[in-house]
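*Asks:* These are the residues of each chain, in order.
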Amino acid sequence: MNPVQRLIGWEGLLLALLAVIVAVNISYSPYFLGVENIVNLFQLSIEKIIVALVMTLVIISGEIDLSVASVMGLAACVLAWLYPMGVPMPLALLAALASGVLCGLFNGFWIAYVGLPSLAVTLAGLIGYRGVARILVEDRSIGNYPAWFNAIGQEELVGPLTISILVFVVLFVIVAIVLHRSGLGRLIYVIGNSPAAARYSGVKVRRVKMALFVASGFVSALAGLLYAARLGSVRGDMAQGFELDIITMVLLGGVSIFGGSGNFLGVGLSILVILSLRNGMGLANITGNTQTSVIGALLILSVLLPNMAQLIRNKWKGSET
Amino acid sequence: ADAPPPGKELNMVLLPKFLGIAVFDQAHQGAEEAAKELQNPAKLQFLGPTPENSVAGQIEIVTNAATQGVNAIMISNNSGDQIVPAAKAAHDKGIKVVTWDSPIPSAEGEDVFVAQVDFTETGKVMADMALNILGADGGKLAILSASPDAANQNAWNKAFQDILKNDPKYAKLQIVDLVYGDDQSEKSYNQALALVDKHPDLQLIMAPTSVGIVAAAKAMQDEKLCDKIKVSGLGDPTEMGGYAKNGCAPQFALWSFVDLGYLAYYTAYALATGSLKAEEGAEFKAGRLGDYKITKDPTREKGLRILMGPFSVYTKDNLPQ
Amino acid sequence: MRWLQRHVRPEQVRELSLLILIIVAVIIFGSLISGYYTARTFNRIASSVAIITVVAAGQTLVVLTRNIDLSVGSIVGFTAYFTGMIVAANNGLPAIVVVLIAIGMGMAMGIVNGVIVAWGGVPSIIVTLGTLAIYRGLLIDYSGAKTITTESLPKWLVDLPTTELFYIGSIDMRAIVVIAIAVVIVFQLATSLLAFFRRFYAIGSNPDAAALIGLPAQRMVFTAFVLSGALSGLAGFMTLARFGNITVVAAQGLELQSVAAVVVGGVNIFGGSGTIFGAMLGAVMIGTLEQSLFRLGISEFWRDAVLGLLILLAVASDAVILNRLRALWARSGMTLVDKPATLPTTGEATR
Amino acid sequence: MAAGRLVDGRPPDAGLPPVLEMSDIAKRFGATQALEAVSLTLRPGEVHALLGENGAGKSTLIKIMTGVYQPDRGEIRLAGQPVTIGSAAEAQRHGIAAIYQEPLLFPDLNVAENIFISHQGRGAVNNWRKMFRDAADILAALGVSLDVRSPARGLTLAAQQSVEIAKAISLNVRVLIMDEPTASLSAHEVAQLFKLVRDLRQKGVAILFVSHRMEEVFEIADTVTVFRDGRLISTRPRAEVTPQSAIADMVGREVGLLKARPAVAKGDTILSVRNLSREGVFRDVSFDINRGEVLGFAGLIGAGRTDVGLALFGIEPASSGSIMLNGKEISVRSPGEAMAHGIAYVSEDRRQLGLSLPMSIAANISLPVLRRFLTRLGLIRTGEERKTAEAFRKRLAIRTPDVDLAVGKLSGGNQQKVMLSKWLNTHPRLLILDEPTRGIDVGAKAEVHAMIGELAAEGIGILMISSDMPEVLAMSDRVLVMREGRQMGIFSREEATQERVMTAAMGQQEDAAA
Ligand SMILES: Nc1ncnc2c1ncn2[C@@H]1O[C@H](COP(=O)(O)OP(=O)(O)OP(=O)(O)O)[C@@H](O)[C@H]1O
Ligand SMILES: Nc1ncnc2c1ncn2[C@@H]1O[C@H](COP(=O)(O)OP(=O)(O)OP(=O)(O)O)[C@@H](O)[C@H]1O
Ligand SMILES: [Mg+2]
Ligand SMILES: [Mg+2]
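One line per chain: the protein sequences are A, B, C and D, in this order. Residues in the first sequence are numbered from 1 upward in steps of one, following the numbering used here. Residues in the second sequence are numbered from 1 upward in steps of one, following the numbering used here. Residues in the third sequence are numbered from 1 upward in steps of one, following the numbering used here. Residues in the fourth sequence are numbered from 1 upward in steps of one, following the numbering used here.
Honestly, the hints are just simulated from the structure, not real lab data. Computed from a predicted structure; not experimentally measured. We treat Cβ as the ideally placed atom computed from N, Cα and C, and that holds for glycine. It is possible that some hints are incorrect.
[Said to hold, decoys possible] Straight-line distance between alpha carbons at most 25 Å, and here's what the computed BS3-like set of lysine-lysine pairs gives:
#, chain 1, residue 1, chain 2, residue 2
1, B, Lys124, B, Lys245
2, B, Lys8, B, Lys316
3, C, Lys146, B, Lys36
4, B, Lys140, B, Lys228
5, B, Lys158, B, Lys198
6, C, Lys155, B, Lys36
7, B, Lys277, B, Lys43
8, B, Lys93, B, Lys316
9, B, Lys124, C, Lys146
10, B, Lys316, C, Lys155
11, B, Lys277, B, Lys140
12, C, Lys155, B, Lys224
13, B, Lys172, B, Lys158
14, B, Lys8, B, Lys198
15, C, Lys155, B, Lys228
16, B, Lys124, B, Lys172
17, B, Lys43, C, Lys146
18, B, Lys165, B, Lys198
19, C, Lys146, B, Lys245
[What the hints assert, rightly or not] A partial selection of chain D residues facing chain A, derived with a Cβ cut-off under 10 Å:
#, residue
20, Trp128
21, Leu353
22, Val369
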């Protein structure tokens with residue numbers, strides 16, 4: 001299958017899936033199409049899908065960042081730690097973002113310059129950064145931020161849209177262009193496909209990877225702050241376990257875990273699929289564990305079914321793959 | 001005080017911390033019982049998140065419930081103040097928000113908290129059990145709590161620590177450590193053992209969590225330490241019976257979660273029908289449990305509460321058959 | 001150097017370095033913690049590491065084939081819970097049957113993973129991310145939120161974790177620990193001696209070549225997942241025995257722990273190299289740190305931070321060492337022997 | 001086994017019943033008809049050479065024999081019996097083994113295991129001692145001594161190739177297929193290999209031998225078959241074939257044999273290297289390259305030539321010594337710097353280091369100079385990119401439907417051409433070619449040589465690492481010979497004869513050293 005066919009195949013599938021889910025949701029729940037609900041549908045997972053955008057780049061480059069959720073938590077906790085000490089809010093926010101960048105640099109250093117597998121490094125990060133977050137806030141739950149900060153996460157800004165949602169939209173467009181139109185995007189694919197060849201072509205592989213992890217750290221921190229703004233208070237366990245959901249979104253989008261392939265249309269669609277599915281099940285009063293099971297099954301089937309179809313087609317064409 | 005009018009069709013949601021924990025299912029039974037008594041034709045929704053996704057899950061469920069415009073939500077809050085925006089939103093839409101088992105610390109977005117017992121009372125009960133076990137000349141004890149993020153746990157521990165500090169009666173009881181088992185048997189078990197290693201002269205492990213207390217008891221039994229180190233705290237008699245008998249846990253306390261669910265339902269129903277106003281001094285009759293009164297919550301300045309009580313302290317002699 | 005090369009293979013060097021790291025760690029902790037060198041400390045670490053070790057052994061097999069099994073945590077929890085339920089219902093069951101039930105359950109779930117990965121051609125991380133959620137979901141659904149309690153279990157099972165099988169000096173070897181060690185020994189031998197198991201390395205090392213020489217890649221991958229499932233099942237049984245009280249959150253997060261153990265243990269996450277023994281060392285390393293840091297009196301809240309850092313250092317130090325050695329190995333790898341007697345005959349042909 | 005009757009070493013005779021017959025085989029890949037109505041017969045004790053341009057279908061036919069691909073049409077008979085070869089495993093069971101164009105080893109397994117794993121029973125228990133001993137013996141027979149305990153990772157192509165061959169002969173085969181086995185071997189090793197092939201022939205094994213090196217084919221083959229565009233053009237006994245006629249069949253036109261490049265007038269020195277060394281890899285390499293000059297690098301595999309190349313290109317920077325470009329001392333710490341100085345390096349390993357196989361031809365060609373194709377905002381001007389690619393496609397006659405095709409889909413030779421284009425696109429002043437014609441057919445080879453000539457004429461300095469002796473002698477103005485990381489001498493075009501270069505490469509005393 002050439003890339004074009006594959007693209008149509010995969011995104012087509014997701015699109016069909018999305019159509020079905022939306023149809024079912026509409027028929028089941030009168031509330032689904034309500035503006036309020038649509039906004040909530042995004043709001044409830046907005047931080048995850050923001051991080052999913054950068055995660056896409058990281059995975060296509062053949063790496064992975066398991067530490068994103070912990071970085072989200074850490075950034076929020078840095079804020080929660082500084083603000084009560086009387087540090088002015090803007091400074092506290094900058095510091096929080098900086099902490100994300102630092103985590104990114106740290107990951108990037110070990111992965112790009114020392115050459116450790118990202119899975120190992122960011123696994124350590126997953127544990128370690130969460131630990132630092134814990135050190136900062138311990139068992140406290142810290143709230144009472146300035147109203148304008150909470151507004152960022154909660155108030156509707158343009159029509160019914162919150163700042164978080166706008167951030168997501170803008171980021172989506174930017175990252176999509178970077179990946180599919182820019183030189184950097186090209187390099188990301190090449191590195192994902194054949195790192196050695198990239199190096200032998202004078203590509204600054206290390207710098208690109210470093211850049212990706214820093215971006216990942218920064219955006220995760222940003223998302224963490226948006227999360228804090230949305231919930232209005234911060235605890236040590238913030239965003240714990242989000243990494244799996246985020247990776248699920250990216251992989252369901254048809255991005256190869258081995259790097260080198262995948263595209264943004266797919267990720268966009270998979271985000272819509274997962275969010276509307278969750279929301280639909282929520283409105284149908286389906287409880288948490290069933291929801292996660294269904295999404296788990298969906299994740300598997302969405303790759304399994306096309307493969308099966310392909311396999312059968314070949315069997316019956318009698319030719320090898 | 002008069003009972004709420006039966007037979008009203010009210011959509012109500014019962015929301016536990018997360019699914020799969022025995023005590024919450026007992027609360028569910030109680031609520032169902034109340035629902036039958038009050039002849040509410042609408043089905044009671046028992047919706048919960050999965051353990052690993054508790055905070056985000058609870059927020060999501062509350063938000064969806066608001067979207068569906070249910071009449072009342074009963075929350076055992078696991079999200080500290082992070083649930084506030086969601087709860088507020090629901091409350092602003094005229095939905096009655098009742099918390100039970102674990103309240104919203106700031107009490108924002110909450111009508112009333114149905115308290116199983118008085119939290120300072122809890123501290124006292126824990127102190128008394130400790131005193132009874134360790135005797136007049138006291139000794140060293142450590143707290144094995146659930147997660148650092150559980151509001152009610154933290155409140156209890158604080159009350160416990162305060163009373164030991166301030167009341168000369170308990171002067172000889174010394175708290176040497178506070179650790180968390182995250183309501184996971186394995187972690188609690190290992191934590192208990194670790195405590196033993198770290199404090200050679202430890203005499204009592206106080207675990208105000210139904211998961212933690214059994215794990216601790218099992219650990220002491222396995223290590224044949226029961227005669228040296230006792231276990232106490234808040235535990236489910238059906239799980240703890242054995243340890244009460246064999247002396248590993250001579251005393252522990254709990255309230256009836258069935259009654260708690262029952263009372264929570266009555267409260268929410270009464271509020272939703274308007275027969276009960278969420279204000280200090282308001283009274284109503286909750287079926288078989290009799291009359292209750294809404295009072296200020298001493299542990300939360302803005303909060304209102306209904307106090308269920310009482311504690312039942314269990315020993316090997318009064319275990320339920 | 002030459003001698004070393006003859007007798008030690010790179011991945012063994014990797015393990016040696018890790019072993020040294022552990023020893024150093026123990027010495028440091030020993031000097032900081034009074035009464036550290038006791039049978040008790042050993043018991044603590046050993047029995048807390050036992051379960052994760054068994055899981056990590058299965059994880060290693062999977063990782064060798066360039067796959068990963070993130071569902072192990074859910075499998076362990078699932079088997080622990082339902083095995084518990086079954087024994088609770090009929091206390092009379094002979095031990096061996098109980099163990100087989102647990103292993104069988106795990107195997108079944110491993111088979112599901114394996115079939116989908118091997119023949120469905122779905123990347124393992126996707127499959128097991130899915131089954132991670134599904135198995136746990138099923139557990140919550142069918143548990144009816146009951147807790148398995150020590151009460152309901154037969155005595156032999158409750159006592160198993162503390163039964164001492166034999167003694168080495170003052171150290172008593174407990175059943176759980178012995179099971180783990182047995183698993184490690186069996187699979188270590190198998191993976192180094194049996195052609196069948198060597199194929200795991202081949203497939204992970206170069207799938208294309210494996211296909212060209214006709215190794216049944218799909219069957220091998222399938223086998224790896226089944227074994228991982230079975231071992232998780234066994235771990236489930238061990239969990240039931242050790243903790244007695246099983247809730248639906250049992251063994252949550254074990255997947256990451258096992259991956260951590262495997263990674264620290266020097267198993268190449270991209271397949272092809274690493275050993276069961278290494279994975280065990282990885283588990284021991286982490287277990288030692290966790291236990292000892294607590295004993296050191298490091299605050300609850302500091303532990304994870306320190307742990308994360310130490311894991312990273314473990315990986316880094318051993319990777320650096322290994323790269324050096326790899327280079328050395330490669331360099332002196334080949335020497336083409338000169339045979340002046342047979343000067344190239346191609347000469348004639350070109351004239 | 002058919003071979004059984006021949007072990008007494010009776011000379012092979014065409015009268016024997018064929019081991020393997022393929023009739024009317026066809027295979028199509030999407031647009032390309034890789035094979036069409038091909039019929040081929042292999043007899044015991046016969047070395048059957050298969051010639052054809054890049055993309056003629058040689059490898060495809062081989063992959064069909066070894067069960068990697070299934071033919072769309074046609075029949076395969078083994079010792080008279082019709083068979084279907086469903087998988088590589090089946091092919092092995094039938095006694096068919098193959099050595100592929102690119103060696104395929106298990107980097108993490110040690111050499112011995114690499115040799116034996118393919119035919120160990122599933123139930124087998126490794127007896128490492130015995131395995132190591134047997135492996136060492138087999139390699140000894142090949143005249144290679146490898147540490148059989150060391151992992152295959154990091155072996156040079158040559159070393160890997162030797163292991164591949166050892167692997168094949170360790171199973172007792174009836175049909176041995178060699179797809180360009182000599183592509184990465186030096187003359188010395190080729191000689192060793194051919195000894196072996198002759199032994200096997202004696203034992204009655206049928207050997208299918210694919211090579212782009214005429215002289216080898218005529219040295220070893222009994223029968224010569226020529227492919228063109230997926231069709232079988234001719235099958236004749238060697239005696240009836242001349243190089244010219246074979247080439248004519250291959251390309252469908254007359255092509256001159258490799259002829260010496262006219263010496264060019266010396267320009268001034270571009271690059272002068274002094275005492276360049278890298279710890280434990282190579283030492284004290286010193287040479288000059290003038291504008292428009294081709295400096296050949298000869299030596300056995302593993303002599304360290306590639307490493308010198310890598311040092312100049314900044315991949316593995318030298319640890320000491322000096323590099324002067326146009327009289328200015330420069331330091332090359334990274335490929336980026338090297339390219340900035342106008343140095344380009346065309347790798348010997350196109351699959352791993354040279355190209356990104358899943359990416360399109362155009363993307364590969366633009367990669368080193370991607371900047372040139374970016375807008376101010378850093379977006380790619382795909383139109384420009386494709387235009388450039390098209391230009392090179394014409395200039396080097398790359399066989400492909402279009403430049404958006406993934407490079408991996410091209411045949412070996414065409415991939416080589418794409419790699420060349422990629423580096424020519426950087427407009428280098430100094431071009432380092434590492435095995436530039438490895439796996440390239442005569443037609444393309446001639447083109448590449450012509451290209452090298454042109455580039456030199458344009459004033460580019462060229463450093464050509466090659467294990468193809470005739471090529472080195474014909475193309476180079478001067479030849480530098482390396483051996484085990486040391487420079488054995490530099491020979492002027494006049495001094496450089498086959499014998500002298502060889503002797504130097506083999507480490508015999510050589511006074512003519514410059
Ligand atoms: N047996 C071996 N195992 C691993 N690496 C080897 C071996 N022999 C040589 N090498 C590596 O190969 C390089 C030297 O061979 P190199 O390829 O440079 O020689 P060459 O003359 O370029 O041969 P080739 O014709 O393959 O390019 C060095 O990097 C050396 O480390
Ligand atoms: N997997 C494939 N998919 C599509 N086309 C292919 C594939 N394999 C080979 N081809 C095409 O089939 C034709 C024959 O390729 P093949 O590799 O057999 O040529 P070859 O004679 O081996 O060339 P070379 O001498 O360069 O190795 C080429 O046009 C090639 O592009
Ligand atoms: Mg070929
Ligand atoms: Mg070379």
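*Asks:* It remains to establish, for every hint, whether it holds in the given structure.
*Replies:* Here is what the structure says about each hint:
With a C-alpha separation of about 24 Å, the suggested pair lysine 124 of chain B and lysine 245 of chain B falls inside the 25 Å cut-off, and the hint holds. About 44 Å separates the Cα atoms of lysine 8 of chain B and lysine 316 of chain B, which puts this hinted pair outside 25 Å; it is violated. As the CA atoms of lysine 146 of chain C and lysine 36 of chain B are separated by approximately 23 Å, the hinted pair is consistent with the 25 Å bound. The suggested pairing of lysine 140 of chain B with lysine 228 of chain B holds, with an alpha-carbon distance near 12 Å, which does not exceed 25 Å.
For a cut-off of 25 Å, the pair hint linking lysine 158 of chain B to lysine 198 of chain B stands: about 23 Å separates their Cα positions. Between the alpha carbons of lysine 155 of chain C and lysine 36 of chain B the distance comes to roughly 42 Å, so the proposed pair goes past 25 Å and is violated. Our distance criterion of 25 Å between C-alpha atoms is met by lysine 277 of chain B and lysine 43 of chain B, whose separation comes to about 24 Å. Under the criterion of a C-alpha separation no larger than 25 Å, the hint pairing lysine 93 of chain B with lysine 316 of chain B is inconsistent with the structure, at around 49 Å.
For the proposed pair lysine 124 of chain B and lysine 146 of chain C, the alpha carbon gap of about 30 Å is over 25 Å, so the pair is violated. For a cut-off of 25 Å, the pair hint linking lysine 316 of chain B to lysine 155 of chain C stands: about 20 Å separates their Cα positions. Restraint check: the Cα-Cα separation between lysine 277 of chain B and lysine 140 of chain B comes to about 47 Å, which exceeds 25 Å; the hinted pair is violated. The hinted pair formed by lysine 155 of chain C and lysine 224 of chain B meets the criterion: a straight-line CA distance of about 15 Å does not exceed 25 Å.
Proximity of lysine 172 of chain B to lysine 158 of chain B is assessed by CA-CA distance (about 18 Å); at most 25 Å being required, the pair is judged to hold. Restraint check for lysine 8 of chain B and lysine 198 of chain B: the C-alpha separation of about 58 Å exceeds 25 Å, so the hint is violated. The straight-line distance between the Cα atoms of lysine 155 of chain C and lysine 228 of chain B is roughly 22 Å, inside the 25 Å bound, and the hint therefore holds. Among the hinted pairs, lysine 124 of chain B with lysine 172 of chain B is consistent with the structure: their alpha-carbon atoms are about 15 Å apart, no more than 25 Å.
This hinted pair checks out: lysine 43 of chain B and lysine 146 of chain C have alpha carbons roughly 23 Å apart, not beyond 25 Å. Proximity of lysine 165 of chain B to lysine 198 of chain B is assessed by CA-CA distance (about 23 Å); at most 25 Å being required, the pair is judged to hold. For the hint pairing lysine 146 of chain C with lysine 245 of chain B, the CA-to-CA distance comes to about 22 Å; that is within 25 Å, so the pair holds. Against a cut-off of 10 Å between C-beta atoms, the interface hint on tryptophan 128 of chain D is violated, since the closest Cβ of chain A lies about 29 Å away.
For leucine 353 of chain D, the shortest C-beta to C-beta distance to chain A is roughly 5 Å, which falls under 10 Å, so the interface hint holds. Given hint, valine 369 of chain D at the interface with chain A, holds; its Cβ is 9 Å from that chain's nearest Cβ, closer than 10 Å.
Comparing the model with each numbered hint stated earlier shows that hints 2, 6, 8, 9, 11, 14, 20 do not hold.
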